[in-house]
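Visitor: Chain by chain, the residues:
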Amino acid sequence: MAKFVAKTGNEAMAEAMRQINPDVVAAYPITPATEVVMIFAKYVADGLVNTEYVPVESEHSAMSACVGASAAGGRVMTGTSSQGLVYMYEILPIASALRLPIVMCEVNRAISGPINIHCDHSDTMAARDFGWIQIFSENSQEAYDSLIQAVRIAENHDVLLPTMVTTDGFIISHCLDKIEVLDDKDITAFIGKDRKPNNSLLDLDKPTTLGSIDLQDYYFEHRVQVAEAIKNSKKTIIEVANEFAKKFGRQYGLIEEYKLADADYAIVALGSTCGTAKVVIDELRAKGIKAGLLKIRVYRPFPAEEIAQALSKIKNVAVLDRADGWAGQGGPAYAEIKAALYKSKTPPKMINFVYGLGGREIDKDQLAHVYDCLKNIEQQPDVQYLGVRE
Amino acid sequence: MSQQKKPGWKELAIGDILPAGTAEKFETGDWRSERPTWHPERCIHCLFCWVNCPDTSIIVENGKMTGIDMKHCKGCGICAKECPVKPDKAITMGPER
Amino acid sequence: MDNTVEIRWHGRGGQGAKTAALLFGEAALSLGKFIQAFPEYGPERMGAPVASFNRISTEPIRLHCSITNPGIVIVLDQTLMGKVDVTEGLPATGILIVNTTDSPAEVRAKLKLQGLKVFTVDASGISKATIGRDIPNTPLLGALVKASNLLDFASMLKDTEEKLAIKFKSKPEIVKGNIEAIKRAYNEVKGE
Amino acid sequence: MVTLKELSTRPEPLTGGHRMCPGCGAPIIVRQVLLAAKDPVVVVSATGCLEVSTTIFPFTAWKVPFLHNAFENSAATASGVEAAYHSLKRQGRFDKNIQIVAFGGDGGTYDIGFQSLSGAMERGHDLLYVCYNNEAYMNTGVQRSGATPKGATTTTAPAGKVSQGKLQWRKDLTEIMVAHELPYVAQATTGNWADLTKKAEKAFATRGPKFINVLQPCRLGWGYRPEDTAVLGRLAFETCFWPIYEVENGVYKVTKPRDKKPVAEFLKTQERFRHLFKPGNEQLLADIQQGVDAHWAKLLAKEAMTAGVKK
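Protein chains in written order, with the UniProt record's numbering: chain G, 1 to 390; chain Z, 1 to 97; chain E, 1 to 192; chain D, 1 to 311.
What the hints contain is simulated information worked out from the structure, not anything from laboratory work. From the three backbone atoms N, C-alpha and C, an ideal C-beta is built for every residue, glycine too. Any given hint could turn out to be false.
Computed Cβ-Cβ distance ranges for the label pairs, DEER-style [said to hold, decoys possible]:
1) D:Lys89 to E:Lys83: 55 to 61 Å
2) E:Lys112 to G:Pro55: 52 to 58 Å
3) G:Pro55 to E:Lys158: 50 to 56 Å
4) D:Lys89 to G:Glu305: 55 to 61 Å
5) D:Arg10 to G:His157: 54 to 60 Å
6) E:Lys83 to G:Glu305: 55 to 61 Å
7) G:Asp382 to E:Glu106: 42 to 48 Å
8) G:Asp382 to E:Gly115: 44 to 50 Å
When you get a sec, could you build the whole thing from the sequences and use the hints?
Guide: Here's what the structure looks like:
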């Protein structure tokens with residue numbers, strides 16, 4: 001029986017991992033993701049899962065061991081954050097090129113330096129070009145639900161891509177929230193008891209070489225395979241979300257629109273900020289201001305068409321980036337959304353706010369200020385930093 | 001080999017994966033500048049040549065040497081060097097023709 | 001939002017401010033509320049002043065920002081008063097609950113407070129007497145329920161007892177001590 | 001002890017048609033180690049000569065399951081393979097016995113892969129790590145490594161007018177592995193198949209983490225005739241430049257050469273040491289001999305010291 005319980009984001013992810021019951025977990029502790037694997041390690045110690053837990057000496061080895069275990073046909077998971085994810089970067093594109101459906105719990109945290117343990121999206125955003133599917137969560141419930149869906153998505157033979165599900169560090173990872181936990185049996189039925197790999201190192205009757213060197217004559221083809229898989233994964237993500245909704249009642253998509261259809265002013269955001277934005281929108285609507293939100297749930301594959309479609313009738317849009325793009329032109333979401341709208345016949349006027357770096361507070365007042373800026377968008381700079389001291 | 005049309009991304013297996021042992025089809029015999037010659041009448045089938053061959057090019061059947069795989073042998077000469085037969089070795093090296 | 005109550009807990013690292021928020025959150029959830037509980041995080045270690053927070057609501061909570069204007073503030077350690085601005089952001093209609101042997105009037109005088117409802121309870125004394133250790137967060141749950149009327153006390157007590165009974169299966173005396181502590185604080189808290 | 005005749009009946013792990021240099025020692029080591037396994041093997045390799053030359057797409061020389069991940073992580077990758085193997089076996093989803101072998105060159109083992117190796121060994125995974133140690137980064141053009149011996153010229157520590165190749169002694173990785181308290185650690189060379197296959201057999205018969213450090217003459221980096229790969233391995237042993245020994249549960253067993261030859265006998269066979277024989281470098285040569293002697297004496301002392309210890 002599904003039940004409502006109090007779980008932090010980390011507890012929710014660990015609970016999903018227990019129910020997923022992966023064959024191998026290899027992970028290294030890092031704030032604020034540590035709890036995910038700490039809680040999971042206790043599940044292993046108590047014999048609640050079949051998992052072989054590999055307590056590696058670094059995140060680089062965590063991802064390396066995940067690649068080995070996944071190549072051997074196992075269902076494999078890990079969890080990390082910030083510097084840990086950065087330390088994995090070298091192996092992330094190898095995991096996707098080898099088409100290994102590793103699933104990662106990633107807790108968004110600023111990257112050094114200076115060292116900072118709090119939330120922003122710079123770790124995950126910098127990992128966006130490694131062939132991983134990336135799903136952001138607004139709250140613990142979404143993190144839990146998305147993690148379960150991620151297994152199905154990653155292992156789908158039309159996809160076969162590693163997938164990371166992210167929560168916002170501390171804001172979600174350490175916030176106790178009311179979530180619905182589904183029944184163990186229903187999860188097993190939904191994701192399938194075991195992974196069904198196309199090939200495995202342990203298939204001794206059909207030995208294979210995985211990870212050979214490609215030269216000028218094959219590398220390009222293999223990279224295009226990854227690019228096509230990412231593109232095609234949209235379909236699978238939606239199918240899995242629809243099936244999840246049918247079975248468990250909560251509907252997800254690549255994006256989520258909140259009071260957007262008739263909005264004059266919209267913001268685009270990812271992660272926990274979307275929750276606060278919804279409250280602000282309700283308050284503004286009560287005052288007669290037509291405010292709306294476009295939440296991006298899936299950042300890779302990038303839902304360019306869906307975003308362009310959703311924003312096509314909006315007058316003024318502010319894109320909120322919890323990471324800088326270090327390009328002198330705002331954050332990564334802003335750049336990609338602008339590109340997505342390039343062919344639009346009715347593109348909105350658009351500005352960018354880079355906000356919340358290193359856990360800098362983002363509250364209702366600041367979001368109300370963003371909507372305020374949209375009223376006189378012509379006077380606004382293309383990119384501004386929200387909540388920073390001059 | 002090079003004349004064949006190479007597969008496109010749709011035709012290639014998913015991921016950087018290969019069935020085992022396809023290098024057998026790749027001939028490195030043309031790398032040789034020196035060529036081993038086996039003298040079966042002198043061979044004592046000790047298999048020192050076989051176990052020291054970097055190119056898996058000594059052919060052994062039922063525990064006895066039966067020849068050299070010239071499609072893959074690169075002519076390094078380890079087999080001749082390691083051959084213990086005296087005074088004349090069972091494998092000798094000469095120029096590749 | 002009108003249906004949401006925001007709470008801030010003040011304590012020192014290691015004193016259980018985080019646990020208090022988690023416990024209260026879980027109790028409220030059991031009684032049908034929507035909840036959030038989250039600590040303030042930093043590299044501080046034991047002894048440093050820390051805070052933790054609750055949102056308790058009758059509807060789903062979507063806010064994910066910090067709490068700057070709590071309706072209720074609870075102080076686990078009276079030595080924090082005067083060092084930390086415990087009433088910061090608390091509106092005139094707010095509630096302040098302090099673990100102290102002082103009376104509400106004495107607290108009010110010391111902090112030069114105007115407005116507010118001030119409650120005091122000797123949570124440390126109660127916990128020493130009932131649990132055998134200075135763990136003020138458990139009795140303060142009782143004081144909070146009394147002062148706030150957020151939860152039905154009998155139901156909250158029953159739920160807590162059930163949870164503790166699972167957690168301390170082989171130690172019924174711990175369950176008994178905790179329940180007694182909550183009850184005593186509920187009855188002994190004084191407010192004005 | 002397995003005979004060559006018996007070895008020759010086992011399935012070949014590696015085909016011809018790979019692109020290693022003629023006379024390369026690495027594939028010899030691979031064949032001799034893997035043929036010693038009675039169970040099926042699964043191989044993980046670090047980036048390096050062995051990996052790039054044996055797996056040029058669409059040609060792979062590996063007839064056994066093979067995985068390459070990156071340069072510095074073959075031990076961690078193999079530990080993941082092992083974890084999956086144990087997990088699936090425990091769940092009844094896989095029912096065969098396999099041996100997991102990780103290969104790395106000295107760069108991928110001594111230097112960039114050191115942390116990954118140390119971690120995997122400390123965690124006690126049931127796998128054999130084999131370092132094919134040619135004493136420099138040969139794949140990228142003979143740069144110095146932590147395994148490069150003192151006095152050798154490399155492209156990043158070249159012999160020049162004021163410097164005579166690598167200034168430092170090499171890292172003693174085998175002893176570092178011994179310090180990990182592994183159940184089985186060994187050194188071996190090319191040119192002694194009986195020794196290497198016997199050590200591999202012992203390793204495969206031991207449960208837990210195993211490490212074998214095999215000296216591999218490299219034509220490119222060392223500078224010698226291709227037919228001498230086995231000869232040079234033996235000469236390294238006979239001069240005690242590369243002692244062959246094993247450490248089973250802490251107990252040393254050292255194989256002694258019949259007559260310990262001067263190290264110059266080994267050094268003079270290779271281009272990388274040629275400058276040592278120029279006038280003016282007599283002292284350096286003497287230092288190297290002294291270093292070899294001291295290392296050898298220490299090894300014998302360890303053997304004597306652990307002789308009475310129960311394995």
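Visitor: Could you run down the list of hints and mark each one as holding or not?
Guide: Against the structure, the hints:
Between Lys89 (chain D) and Lys83 (chain E) the Cβ separation comes to about 59 Å, which falls inside the hinted range of 55 to 61 Å. Checked against the hint of 52 to 58 Å, the pair Lys112 (chain E) and Pro55 (chain G) passes, with Cβ atoms roughly 54 Å apart. Checked against the hint of 50 to 56 Å, the pair Pro55 (chain G) and Lys158 (chain E) fails, with Cβ atoms roughly 41 Å apart. At about 46 Å, the beta-carbon gap between Lys89 (chain D) and Glu305 (chain G) misses the expected band of 55 to 61 Å.
For Arg10 (chain D) and His157 (chain G), the hinted distance range of 54 to 60 Å is not satisfied, since their beta carbons lie about 35 Å from each other. The beta-carbon spacing between Lys83 (chain E) and Glu305 (chain G), approximately 56 Å, falls within the hinted interval of 55 to 61 Å. Between Asp382 (chain G) and Glu106 (chain E) the C-beta distance comes to about 58 Å, which lies outside the given range of 42 to 48 Å. Between Asp382 (chain G) and Gly115 (chain E) the beta carbons are some 46 Å apart, a value that agrees with the proposed interval 44 to 50 Å.
Hints 3, 4, 5 and 7 from the list above are not met by this structure, while the remaining hints are.
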